[in-house]
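Engineer: Chains as they are written, first to last, in my numbering: chain B, 16 to 425; chain R, 16 to 425; chain G, 16 to 425; chain X, 16 to 425.
Please note: incorrect hints may appear among the correct ones.
Which copy is meant is left open, because identical chains are indistinguishable; a pair holds if it fits in one copy or across any two.
Stated by the list, open to error - Subject to a maximum C-alpha distance of 30 Å in a straight line, what follows is the list of computed BS3-like cross-link-like pairs (lysine-lysine):
1. Lys423 x Lys368
2. Lys412 x Lys368
3. Lys412 x Lys423
What the hints contain is simulated information worked out from the structure, not anything from laboratory work.
There are 4 protein chains.
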Amino acid sequence: MQHAQVSSDNASAHAAAASSLADACRSVRNHTEYLAIGLSAEDQCVQSMPDASPAKWHRAHTTWFFEQFVLTQNLQDYRPFDDAFGYLFNSYYDTVGPRHPRPMRGLLTRPSAAHVSAYRAHVDAALTRLLTPGVAPELAELVTLGLHHEQQHQELLVTDALHALSQNPLAWRGTGSVVLPGWSAPAPRPGPTHFLQRAGGLALIGHAGTGFAFDNESPRHQHILQPHALADRLVHNAEWLDFIADGGYARPELWMSDGWAACCAHGWEAPMHWRRDEVRGWLQVTFAGCAALALDAPVTHISWYEADAFARWSGARLPTEAELEAASADLPDYFGYAWQWTNSAYLPYPRFKPPSGAIGEYNGKFMINQMVLRGSSYATPPGHERVTYRNFFPPDKRWQVTGLRLAKDI
Amino acid sequence: MQHAQVSSDNASAHAAAASSLADACRSVRNHTEYLAIGLSAEDQCVQSMPDASPAKWHRAHTTWFFEQFVLTQNLQDYRPFDDAFGYLFNSYYDTVGPRHPRPMRGLLTRPSAAHVSAYRAHVDAALTRLLTPGVAPELAELVTLGLHHEQQHQELLVTDALHALSQNPLAWRGTGSVVLPGWSAPAPRPGPTHFLQRAGGLALIGHAGTGFAFDNESPRHQHILQPHALADRLVHNAEWLDFIADGGYARPELWMSDGWAACCAHGWEAPMHWRRDEVRGWLQVTFAGCAALALDAPVTHISWYEADAFARWSGARLPTEAELEAASADLPDYFGYAWQWTNSAYLPYPRFKPPSGAIGEYNGKFMINQMVLRGSSYATPPGHERVTYRNFFPPDKRWQVTGLRLAKDI
Amino acid sequence: MQHAQVSSDNASAHAAAASSLADACRSVRNHTEYLAIGLSAEDQCVQSMPDASPAKWHRAHTTWFFEQFVLTQNLQDYRPFDDAFGYLFNSYYDTVGPRHPRPMRGLLTRPSAAHVSAYRAHVDAALTRLLTPGVAPELAELVTLGLHHEQQHQELLVTDALHALSQNPLAWRGTGSVVLPGWSAPAPRPGPTHFLQRAGGLALIGHAGTGFAFDNESPRHQHILQPHALADRLVHNAEWLDFIADGGYARPELWMSDGWAACCAHGWEAPMHWRRDEVRGWLQVTFAGCAALALDAPVTHISWYEADAFARWSGARLPTEAELEAASADLPDYFGYAWQWTNSAYLPYPRFKPPSGAIGEYNGKFMINQMVLRGSSYATPPGHERVTYRNFFPPDKRWQVTGLRLAKDI
Amino acid sequence: MQHAQVSSDNASAHAAAASSLADACRSVRNHTEYLAIGLSAEDQCVQSMPDASPAKWHRAHTTWFFEQFVLTQNLQDYRPFDDAFGYLFNSYYDTVGPRHPRPMRGLLTRPSAAHVSAYRAHVDAALTRLLTPGVAPELAELVTLGLHHEQQHQELLVTDALHALSQNPLAWRGTGSVVLPGWSAPAPRPGPTHFLQRAGGLALIGHAGTGFAFDNESPRHQHILQPHALADRLVHNAEWLDFIADGGYARPELWMSDGWAACCAHGWEAPMHWRRDEVRGWLQVTFAGCAALALDAPVTHISWYEADAFARWSGARLPTEAELEAASADLPDYFGYAWQWTNSAYLPYPRFKPPSGAIGEYNGKFMINQMVLRGSSYATPPGHERVTYRNFFPPDKRWQVTGLRLAKDI
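Could you put the whole structure together from the sequences, leaning on the hints where they help?
Structural biologist: So this is what it looks like as C-alpha cells:
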C-alpha cells in the first residue's frame with residue numbers, strides 16, 4: 016500500500032522494526048535527507064505562508080530537538096554546534112527559551128542548506144556516540160520520541176514544500192513543482208462505495224501496550240458508540256467534481272457558518288492544488304509535478320469545512336474519531352491514502368495528563384481550535400502510522416494530504 | 016437567586032409560567048423594552064465591535080423573527096411593516112435571503128430607536144390577533160421558539176450595551192456606563208470552596224420530556240463519566256487577583272498555545288471591564304456603572320483561554336459539559352451568577368438532526384470553533400435557564416458574563 | 016451662486032461682514048447648530064470611517080477649541096464645562112495633551128447630543144461675556160481663528176454625515192439619506208467648455224493684506240507660470256459618464272500607479288455616492304437624499320487619482336494651485352460648486368513659518384502626503400471662501416465635495 | 016570619493032565613458048553579477064518585504080528589460096529564453112501585459128539563481144550580436160536606457176539584500192550579514208558644519224545637453240530661489256545620537272502628523288539597521304557586516320519623516336531639490352555618501368511629457384506620494400550619478416542609503 020517514492024532505500028529498516036535504536040535513528044534521520052534531495056537550496060529556504068516552514072528549517076529543527084532534549088543533558092562533553100541555533104530552531108517550547116518568530120522563518124537564508132547538513136552530521140555523530148548498547152530506558156524513550164517527532168516533520172517537509180512550489184506560476188508546467196522526483200501516488204482502488212454497518216456499544220479507545228505512542232493517545236478508555244455506517248473507501252476526486260458541478264462551493268446552506276465565511280474569504284472553488292485549464296482540463300499539482308487530475312484517486316487537500324459541506328451534500332456526515340478507530344481493521348484504505356477529517360474536536364482524553372517539563376508542551380497546549388484526523392496519508396513516512404494516532408489541524412487548513420470518509424447514522 | 020433589576024415588573028409572568036402563550040408573548044416582549052429603558056437613542060445605535068450588535072438592532076431583529084417565521088406565513092392579510100427590514104434585520108438566515116453585513120449594523124442610524132418601537136408595536140398587535148385560544152400546536156411551537164430566541168437576545172442586548180459603554184472614557188466615572196439603572200448583582204456567597212466527589216458511570220445527558228428546549232440539547236443519550244470532583248462554587252474575584260499577582264497573565268506555560276497568542280495580541284492583564292486605578296484600586300464596569308471590584312463575587316468576563324489557564328494554575332481543570340449537567344442539582348450557584356466555561360467543544364450530540372428549513376440554521380451551522388458554557392448568568396432573563404442548556408462561544412470571547420468552576424480528576 | 020439651504024437664516028450676517036466680532040461669533044456658532052437640525056441623535060453619533068467624525072463630535076470639538084484656546088486663558092473665573100471634555104474633544108493638538116483615539120469617536124454615545132447643546136450654550140454665554148467692545152487685537156485674532164476653524168468643521172460635519180447616511184441601505188430610498196432638509200444644489204451652468212489662454216510669467220501668489228487668512232496661505236511670493244489654458248468650467252457628470260463608458264475605471268494606462276492600486280483595492284467604478292439602478296438609471300445620494308444624477312452638474316466626490324486619470328483621458332492635465340489662484344477672477348465657477356483638485360502637493364510656501372505654540376499645529380504638521388484643492392464647494396459655509404485658500408486632502412479621499420477643472424500646456 | 020568595493024574590476028570602463036556601447040553594456044551587465052558574488056542562492060531568493068525584491072529577481076528583470084524592449088523588436092530571429100519569464104519578471108509595465116504579483120516575488124525558488132545566470136548569458140550574447148558598429152541612434156538610446164535602468168537596480172539589489180540579511184538574528188554577529196565581501200564605506204569627512212549663504216534669484220533647473228538623462232529631469236526650466244543657507248556636509252551619526260538623546264523619537268511636536276503616526280506604528284527608536292547592544296554599544300549592519308557605529312559618518316537609512324523631524328529639532332529645514340541642484344558644485348559630499356531627502360514632492364516639471372508607449376510608464380506614473388532625493392549614495396554604481404538626477408521614495412521608507420543635509424532661510 017505504501018508507495019515507493021516517499022521511502023528512501025533504507026525505508027525497510029524503519030524505526031519500529033529497527034534491530035537497534037541506533038539503526039532506527041540512522042534510518043529515520045537519513046530519510047529526512049532523502050526527502051530533501053529534489054529540493055534546491057532556494058526551494059529549502061522559502062516559507063510560503065506562516066503555517067508552513069522551510070524544508071531547511073525542518074531539517075534543522077528536528078536536529079535541534081535531539082541536541083536540546085537528548086544530547087545536552089545526556090552526552091558528556093557534548094558541544095552544541097552553534098549557540099544561536101537554539102534561538103533559530105526552537106519551534107514552540109516556551110519552557111526552553113525565546114525563539115525566532117514563526118512567520119519569519121523564511122528570512123533565514125543563513126545558515127545555508129549546506130551548513131544545516133553539517134549541523135545534522137554533527138548531531139548524528141554525537142547520537143552514534145550516545146546510543147551504545149545498554150542505553151537507559153528513559154533515554155531510549157526520549158530518543159524514540161525524537162524519531163517520531165522527526166517523522167512528523169518529514170510529512171510537513173514535503174507538504175510545506177509542495178505548497179511553496181505550487182505558488183510559483185511555473186508549477187503548472189510539467190515539472191516546475193516536483194518535490195519528490197520519481198514519486199507516484201498509491202494505486203487507486205476504483206469501484207463503488209459500500210457502507211459497512213457498525214453496531215453501537217462500548218468500545219475501548221486509545222493506546223494500550225508497550226509500543227510507542229504520543230501522550231495524546233492515552234489513557235485508553237471506554238466510549239459509547241451509536242449504531243452507524245462507514246463508507247468502505249474514501250471520497251474520490253470524481254465525486255468531488257460532482258459536488259463542484261452541483262454548486263457545492265456556491266450554496267451556503269451546505270456549509271457551517273464559519274466554513275462559508277472561509278470559502279468566500281479565500282475564494283475557494285476546488286481543493287487546494289487543483290486548477291481547471293481550458294485546454295488540459297482539471298490539473299493537480301502533486302509531489303511529482305503537475306498532472307491530470309486522477310478521477311478515481313481519493314480527494315486530498317481539502318479543509319474540514321469542505322469535508323463537512325461535502326458530507327452534508329451527500330446526505331451523510333463525518334465520522335467521529337472513535338468510530339474510525341473502532342473500525343480501522345475493517346477499512347482497507349485506512350492508512351496510506353489521505354488523512355481523514357472527523358467530527359471530533361481535538362480535546363484531551365478523559366484523565367489525560369501531559370508529561371512534566373518541556374516535553375509536556377509537545378501536544379497538550381494545542382488541544383483547542385483543532386479537529387482530529389485519523390488514518391495516515393501517502394506522505395506519512397513508513398512505520399509512522401498507528402490505529403490510535405490522532406492528527407489534528409484547524410478546520411480551515413488544507414495544505415496537508417487531507418481527505419474524507421463518509422459516515423451515517425443508522 | 017435572581018436579581019430584581021434585570022427583571023421588569025412583569026417578570027413574574029415569565030414565559031414558562033404564563034397562563035397563555037399570548038401572555039407569555041406580551042411578557043417577554045415587554046421585558047426587552049424594559050431592558051432598553053436606560054439606553055438613549057445613541058446608546059442603542061452604537062456597535063462597539065463586530066461581535067456585538069446595537070440594542071436597537073436586537074429589538075428589531077427579534078421582531079423580524081416573528082414577522083418572518085410566524086406572521087407572514089400564518090396571519091392572513093399580514094402586511095410587513097417595512098419591506099427593507101428583512102434585509103436590515105436578518106441575522107444569519109441564508110435560506111431567507113441576503114442581509115446587511117454584520118460589522119455594519121452600527122451604521123444604521125435610521126430607522127430610529129423610536130421607529131423600531133413602532134415596528135415592535137405593529138408586530139405585537141399582529142401577534143395578539145394571531146394568538147387566539149386554540150392556536151395550532153406547530154404554530155405555538157414556533158412562537159415559543161421566537162420567545163426563547165428573544166430571551167437570548169435580551170442577554171446579548173445588555174452585554175453588548177455594556178461593552179459599548181465600557182469603551183467610553185466616561186465609563187470609569189460613576190454613572191457613565193449605567194446600562195440598567197438600579198441594577199445590583201446577585202448577593203455573593205462567601206466562604207471557602209469545597210470539592211464534591213462525583214463517582215463515574217453512565218449518565219443520561221440531553222433534553223427529555225415535553226418542555227421547550229433548543230434542538231442542540233437533543234437527542235438525550237448515554238454518556239460515560241469518569242470519577243471526578245467539582246467545586247461547589249464558582250471562582251471568585253479574590254482568587255483571580257491571586258492569579259494575577261502570581262503572574263498568571265505573564266507565564267506562557269499556564270496557557271494553551273492559541274490562548275497565549277491571544278493574551279499577547281490583546282494585551283490582556285485582567286478580565287474584561289476591570290481596571291486598576293492608582294487611587295481607587297481595582298474597579299469594574301457593571302450594568303450599574305463603575306464600582307469597586309467585589310472580591311467575593313464570581314469572576315466574570317473571562318475568555319475560555321483565561322479560564323483554562325486559571326484552572327491549570329490551580330492544579331485543576333475545567334469540567335466537561337456532561338459533568339456539569341449531571342451534577343447540576345448539587346450546585347447551588349449553577350444558575351444566575353455566571354456562565355461556566357467547560358472543556359467540551361460545541362459539537363452535535365450523537366444522532367443530532369437539525370430541523371429542516373430556515374429554522375435548521377438556528378444552531379447547527381455554528382457547531383465548530385466554539386466551546387460550551389453551562390448554567391446561566393445574572394444577565395440571563397428569568398425563566399430562560401435550563402439544566403440541559405448549551406450556550407457556546409469561541410474561546411477568545413469575553414464580553415459575555417462568563418466565569419468558571421473548577422474540576423479535578425480523582 | 017451660493018445655495019440657500021446650507022445657509023441658516025442668519026447667513027447674511029456671516030463672519031466676514033459682521034458688524035462686530037460678537038455678532039460674527041453668534042452667527043457662525045448658530046450656523047453649526049442649523050446644519051445639525053436634520054440629524055437625529057443617532058445620526059449625530061455615528062462615525063462611518065476613521066476619516067470622518069460624528070456630527071456631535073464636530074459640535075463639541077469646535078466648542079472645546081474656544082474653551083481651550085480662548086476662554087481658559089482670557090476669561091477670568093471661567094469654569095470648564097466638564098473636565099473630561101478636553102480628552103474627548105481634542106482633535107490633534109499634541110501640545111495640549113492626550114486625547115481620545117480618532118477611530119473611536121463613534122463610540123462616544125455619551126455625552127448625548129443634547130448635552131453637547133448644553134456645552135455649546137455654556138461656551139457661547141462665556142464668549143458673549145468675553146467679547147465686549149474693545150477686546151484686545153490678539154484675542155480678537157484668536158476668536159476669528161476659532162470662527163474660521165468652526166466653519167471648516169461645518170463643511171466636514173455635512174460631508175461626514177452624508178458619508179454615514181450613504182452607508183445605510185435606506186439611502187437609496189427617496190429621503191433615507193437627507194442631511195439638510197430642503198437643500199438644493201446650486202444651479203448648473205450648461206453649455207460647452209472653453210479653454211482660456213493664459214500667458215506665462217511672474218505671478219504673486221499667497222495672502223496679502225489685513226483680512227483673515229490661515230498661516231499656510233503665507234508668505235506671499237513670486238511664482239513663475241508657464242503659458243497654459245484653463246477650462247472655463249468644471250467637468251460635469253455627463254462627461255464623467257463618457258469616461259466610465261470608455262473604460263476609464265478599467266484601463267491602468269490612464270492612472271498613476273498608486274491610483275490604479277487604489278481603484279482596484281476599493282473596487283471603484285464611479286464617483287462616491289453614485290449607483291446605477293437597473294430601473295431608475297444613475298442615482299446620486301446628495302444632501303437632499305437620493306436623486307437622479309444631474310448630468311450638467313459638476314462632478315463631485317472624486318479622488319485625486321480619479322481626477323488625474325480623467326484629465327489624462329481627456330488629453331489634458333490638472334492645473335497647479337498657482338495657475339488657479341492667478342486665474343480665479345476669470346473663472347465664474349471658481350467658488351461654490353466643487354473643490355478643484357490640483358497637481359500641487361501641499362507643501363509650505365517659501366519661507367513659511369508656523370506660529371509658535373499649539374496653534375502652530377493647526378496646519379504645518381499636515382504638509383506631507385496631501386494634494387491641494389482650490390476654490391470652494393456648495394458645502395463651504397458662506398463667507399469662508401477665499402482666493403488664496405489652500406484646502407488639502409490625501410489623493411485617495413473622495414468623501415468631500417471634490418471635482419476638477421482641466422488645464423493644458425500651450 | 017567612490018569606494019572600491021561596490022565597483023567591479025571593470026568599473027573604470029563604466030557606461031558613460033565606454034569606448035563603445037557594446038563595451039558599456041558588457042561593463043554594466045558584468046557589474047550586476049559582481050554585486051551578487053557574495054550572495055548565496057538562498058540570499059538571492061528571499062524577499063524580506065513587499066518593497067524589496069530578491070537579488071535573483073533584479074538580475075532577471077533587468078535582463079527581461081533588454082529582451083522585451085530591445086531584442087524582441089530589433090534582433091531578427093531572436094528567440095526569448097523562456098516564454099514564462101515575461102510574466103515572472105515584468106515589474107510594472109501594464110502596457111506590456113500581466114505579471115507576477117510583486118509581494119510574491121520571493122516565492123520564485125525556480126528558476127534557480129544558476130538558471131538566471133544562463134538567462135543573462137543568453138541575452139548578453141544576443142546584445143553582442145545586436146550592438147555592432149553603426150547601430151541606429153534610436154536603438155542606441157534604448158540600450159542606454161536599459162543600462163541606466165540596470166544601474167538603478169544595482170543599487171536596489173544591494174540595499175534589498177542588506178534589508179533581507181538584516182532580518183536574520185545572525186546579522187548582529189560579525190559576518191552574518193555581509194552583502195559585499197571586503198566592502199568599506201567612503202572615508203568620512205570629520206570637522207564642523209558650515210552653512211553656505213546662497214543668494215536668491217532665478218535658477219535654471221533640469222537636464223540640458225545631449226548626455227543621457229531620465230525623462231523626469233526635463234524640461235529644463237526657470238525656478239525662483241529664495242535666499243537661503245545650505246550645510247556644507249551631511250548630518251553625521253554623532254549628531255543623530257544627540258537627537259536620540261534629546262528625545263527625538265519621543266516628542267511628537269518635532270514630527271509631521273503622519274510621521275509621528277509612522278514612528279509609533281513601527282516603533283522607531285533609531286535609523287534602520289542600528290541596534291544598541293549593552294556590551295558593544297551602538298552597532299550598524301552594513302554591506303560589510305555588523306560593525307560599531309561610525310560616529311563621523313553621514314547618517315543613513317532614515318525616512319523622510321525622520322529627516323524632517325531632525326531638521327526641525329535643529330532649527331533648520333530640509334532643502335528643496337532646486338536649492339540642491341543649483342548648489343551642487345559647491346557641495347563636496349553631494350555625491351557618493353547618501354541620498355539627501357528634500358522638501359520637494361516628486362511632481363512633473365512644468366511642461367513635462369512622458370514618452371509614448373510602455374517606456375512612458377518608466378517614471379511618470381509614480382509622480383504622486385513620493386519625495387525627491389538628490390545626490391547619490393555609496394551604493395550608487397559608478398557613473399550613474401548626475402547633478403539633475405531625481406531619486407524619489409515615499410516618506411516612510413528607510414531601507415535605501417538615505418541621509419540629509421540641513422538648510423535654512425536667511
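Engineer: The structure should be examined with respect to each hint, and the outcome stated for every one.
Structural biologist: We went through each hint and held it up to the structure:
In the homo-oligomer, the alpha carbons of Lys423 and Lys368 lie at most 30 Å apart only across protomers (12 Å), although the nearest pairing inside one protomer, at 33 Å, exceeds that limit. For the homomeric pair Lys412 and Lys368, the shortest alpha-carbon distances inside one copy (27 Å) and between copies (26 Å) are both at most 30 Å. Taking the shortest alpha-carbon separations for Lys412 and Lys423, only the intra-copy value of 24 Å comes in at or below 30 Å, while the best inter-copy value is 33 Å.
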